[in-house]
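The primary structure of each chain is shown beneath.
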Amino acid sequence: MIEVKNLYKRYDDNFVLNDVSVKFEQGKCNLIIGRSGSGKTVLLKSIVGLIETDEGEIWYDDQKFSHLDAVSKQNIRKEMGMLFQGAALFDSLTVEENVLFPLDMFTSYSRGEKLDRVNFCLEKVKVSKTNKLYPAELSGGMKKRVAIARAMALNPRYLFCDEPNSGLDPETGIVIDNLIKEITEEFNMTTIINSHDMNSVLEIGDKVVFIYKGCKCWEGTRKDILKTDNEALNNFVFATRLARQIKS
Amino acid sequence: MRLLEQIGTYFLFMKRAFSRPEKFSILYRQTMREIDKIGINSFPIVVIVSLFVGAVITIQSNYNIENPLLPRYLVGLTVRDSLLLEFSSTMVALILAGKVGSSIASELGMMRITEQIDALEVMGINSVSYLVMPKIIAAVVFFPVLCLLSIAMGLLGGYISCIAANVIAPSEYIYGIQYEFRPYYISYSLTKTAFYALIITSIASYFGYHVKGGAVEVGKSSTKAVVQSSILILLANLILTKTILQ
Numbered sequence: 023m024i025e026v027k028n029l030y031k032r033y034d035d036n037f038v039l040n041d042v043s044v045k046f047e048q049g050k051c052n053l054i055i056g057r058s059g060s061g062k063t064v065l066l067k068s069i070v071g072l073i074e075t076d077e078g079e080i081w082y083d084d085q086k087f088s089h090l091d092a093v094s095k096q097n098i099r100k101e102m103g104m105l106f107q108g109a110a111l112f113d114s115l116t117v118e119e120n121v122l123f124p125l126d127m128f129t130s131y132s133r134g135e136k137l138d139r140v141n142f143c144l145e146k147v148k149v150s151k152t153n154k155l156y157p158a159e160l161s162g163g164m165k166k167r168v169a170i171a172r173a174m175a176l177n178p179r180y181l182f183c184d185e186p187n188s189g190l191d192p193e194t195g196i197v198i199d200n201l202i203k204e205i206t207e208e209f210n211m212t213t214i215i216n217s218h219d220m221n222s223v224l225e226i227g228d229k230v231v232f233i234y235k236g237c238k239c240w241e242g243t244r245k246d247i248l249k250t251d252n253e254a255l256n257n258f259v260f261a262t263r264l265a266r267q268i269k270s
Numbered sequence: 077m078r079l080l081e082q083i084g085t086y087f088l089f090m091k092r093a094f095s096r097p098e099k100f101s102i103l104y105r106q107t108m109r110e111i112d113k114i115g116i117n118s119f120p121i122v123v124i125v126s127l128f129v130g131a132v133i134t135i136q137s138n139y140n141i142e143n144p145l146l147p148r149y150l151v152g153l154t155v156r157d158s159l160l161l162e163f164s165s166t167m168v169a170l171i172l173a174g175k176v177g178s179s180i181a182s183e184l185g186m187m188r189i190t191e192q193i194d195a196l197e198v199m200g201i202n203s204v205s206y207l208v209m210p211k212i213i214a215a216v217v218f219f220p221v222l223c224l225l226s227i228a229m230g231l232l233g234g235y236i237s238c239i240a241a242n243v244i245a246p247s248e249y250i251y252g253i254q255y256e257f258r259p260y261y262i263s264y265s266l267t268k269t270a271f272y273a274l275i276i277t278s279i280a281s282y283f284g285y286h287v288k289g290g291a292v293e294v295g296k297s298s299t300k301a302v303v304q305s306s307i308l309i310l311l312a313n314l315i316l317t318k319t320i321l322q
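First to last, the protein sequences are chains Y and C. Numbering-wise, our numbering comes out as the position in the first sequence, counting from 1, plus 22. Numbering-wise, our numbering comes out as the position in the second sequence, counting from 1, plus 76.
No lab work stands behind these hints: they were computed from the structure. Hints may contain errors.
With a straight-line cut-off of 25 Å between C-alpha atoms, the simulated DSS-like cross-links for lysine-lysine are [as the list claims (entries may be wrong)]:
1. C/Lys113 <-> C/Lys300
2. Y/Lys235 <-> Y/Lys245
3. Y/Lys27 <-> Y/Lys100
4. Y/Lys203 <-> Y/Lys229
5. Y/Lys100 <-> C/Lys296
6. Y/Lys100 <-> C/Lys99
7. Y/Lys249 <-> Y/Lys235
8. Y/Lys45 <-> Y/Lys203
9. Y/Lys203 <-> Y/Lys146
10. Y/Lys45 <-> Y/Lys67
11. Y/Lys235 <-> C/Lys288
12. Y/Lys229 <-> Y/Lys249
13. Y/Lys154 <-> C/Lys113
14. C/Lys113 <-> Y/Lys67
15. Y/Lys95 <-> C/Lys91
16. Y/Lys67 <-> Y/Lys95
17. Y/Lys95 <-> C/Lys300
18. Y/Lys136 <-> Y/Lys154
19. Y/Lys136 <-> C/Lys99
20. Y/Lys148 <-> Y/Lys95
21. C/Lys175 <-> C/Lys288
22. Y/Lys27 <-> Y/Lys86
23. Y/Lys100 <-> Y/Lys67
24. Y/Lys67 <-> Y/Lys249
Throw the hints in and build the complete structure from the sequences for me.
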């Protein structure tokens, strides 16, 4: 479980996060949704420690991550996997080397054991036989799959995904979403996904947190979204005229 | 104030770069890769530039030593000392600042804007140490080799010009480059090169690592890295010359 308490982040006089408190549950896909510029990426990057917050606490199970020293933070980070918006695969390494990278860094397995793990992860995300290809030779969807394989290589307890299906067609996006949901449930991870894609929300959103102008405006399940009378959330979810007609 | 802040950030960056690596085997592997990338790949440019400069210095020295009372072997001595004292260390370092410095700054800049550096950090890896330390070690170890190569190629260039352009007799040139030779000049040249290597790689890494924005900013950081490391090389040249040759 990950919990954030009273998180604040300000750039000059502009509050990007304003008193955000929320619990993200283990074994579930927790989605942070909101309009572009609402503060969801800042929230996600604050949770993983890439952005320093001004105030507030971040808890990883029973450890207060926000107040740990650099070494203890690094130990928790070894239990994190993250899927970035652009996949963030290392250009100079092949697919195999990308997935091997965290194993090389943090394990003392034999070469054979590491390669077995790499192949297992690549098969899990259905991109086996791409081992020797470079990221530049992969499609957008394949890059995301390889990035998921790299993120799960060390069997992380926490998985973070920043807009996992941005730039993908809806069908591929759903495949990626289902893949994330499948590994979240199988390995009982705490998964936090940042998205503004309603397909994702309705497909895998076990818990949904709506961020509006830096504040937590609403939280619930994907089923609750369709029944909510929260105006900001309704404007976000039913943004098109067609969607509003269907709802009414 | 901004300059002081930048200097402070630079030293904090260097402190992170020289913190204990995650695994020494990986540091060794990365350093070997960097030696290939920034060292071995710089062989052609160093060879070409040094050959031509050696030849030109020979022709120019001969042109300027017209006094019949001065022995012709002075041409060889001038070429040798020019290469040892200044060209093969400082001028080659300025060339490498352009080639290697811009390459490092743009590589790290691209890694920053495509979130590859963030990916390293999230994995719990000290990205500065992982990315920058091997580059610095590779350059400090290998640039002196390039300096020696440049000296050898410069002298060869001078010899070729003696034969091809009929500047002076090759035997006089050979005598000149051996005349009153002080081995100390070589260690002086290598020491300067090691300092320049540190300047080039650390400044370029600093600017590349701290890129914010997109492709335009990567280009700007690359330019800044080359300009600032070139200025610092010239400043270091002055300080080191005064300190070592005093």
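Going through the hints against the structure:
no.	hint	verdict
1	C/Lys113 <-> C/Lys300	holds, 21 Å
2	Y/Lys235 <-> Y/Lys245	holds, 23 Å
3	Y/Lys27 <-> Y/Lys100	holds, 23 Å
4	Y/Lys203 <-> Y/Lys229	holds, 12 Å
5	Y/Lys100 <-> C/Lys296	violated, 34 Å
6	Y/Lys100 <-> C/Lys99	holds, 15 Å
7	Y/Lys249 <-> Y/Lys235	holds, 22 Å
8	Y/Lys45 <-> Y/Lys203	holds, 18 Å
9	Y/Lys203 <-> Y/Lys146	holds, 13 Å
10	Y/Lys45 <-> Y/Lys67	holds, 16 Å
11	Y/Lys235 <-> C/Lys288	holds, 24 Å
12	Y/Lys229 <-> Y/Lys249	holds, 15 Å
13	Y/Lys154 <-> C/Lys113	holds, 21 Å
14	C/Lys113 <-> Y/Lys67	violated, 33 Å
15	Y/Lys95 <-> C/Lys91	holds, 19 Å
16	Y/Lys67 <-> Y/Lys95	holds, 14 Å
17	Y/Lys95 <-> C/Lys300	violated, 33 Å
18	Y/Lys136 <-> Y/Lys154	holds, 16 Å
19	Y/Lys136 <-> C/Lys99	holds, 16 Å
20	Y/Lys148 <-> Y/Lys95	violated, 32 Å
21	C/Lys175 <-> C/Lys288	holds, 22 Å
22	Y/Lys27 <-> Y/Lys86	holds, 11 Å
23	Y/Lys100 <-> Y/Lys67	holds, 16 Å
24	Y/Lys67 <-> Y/Lys249	violated, 30 Å
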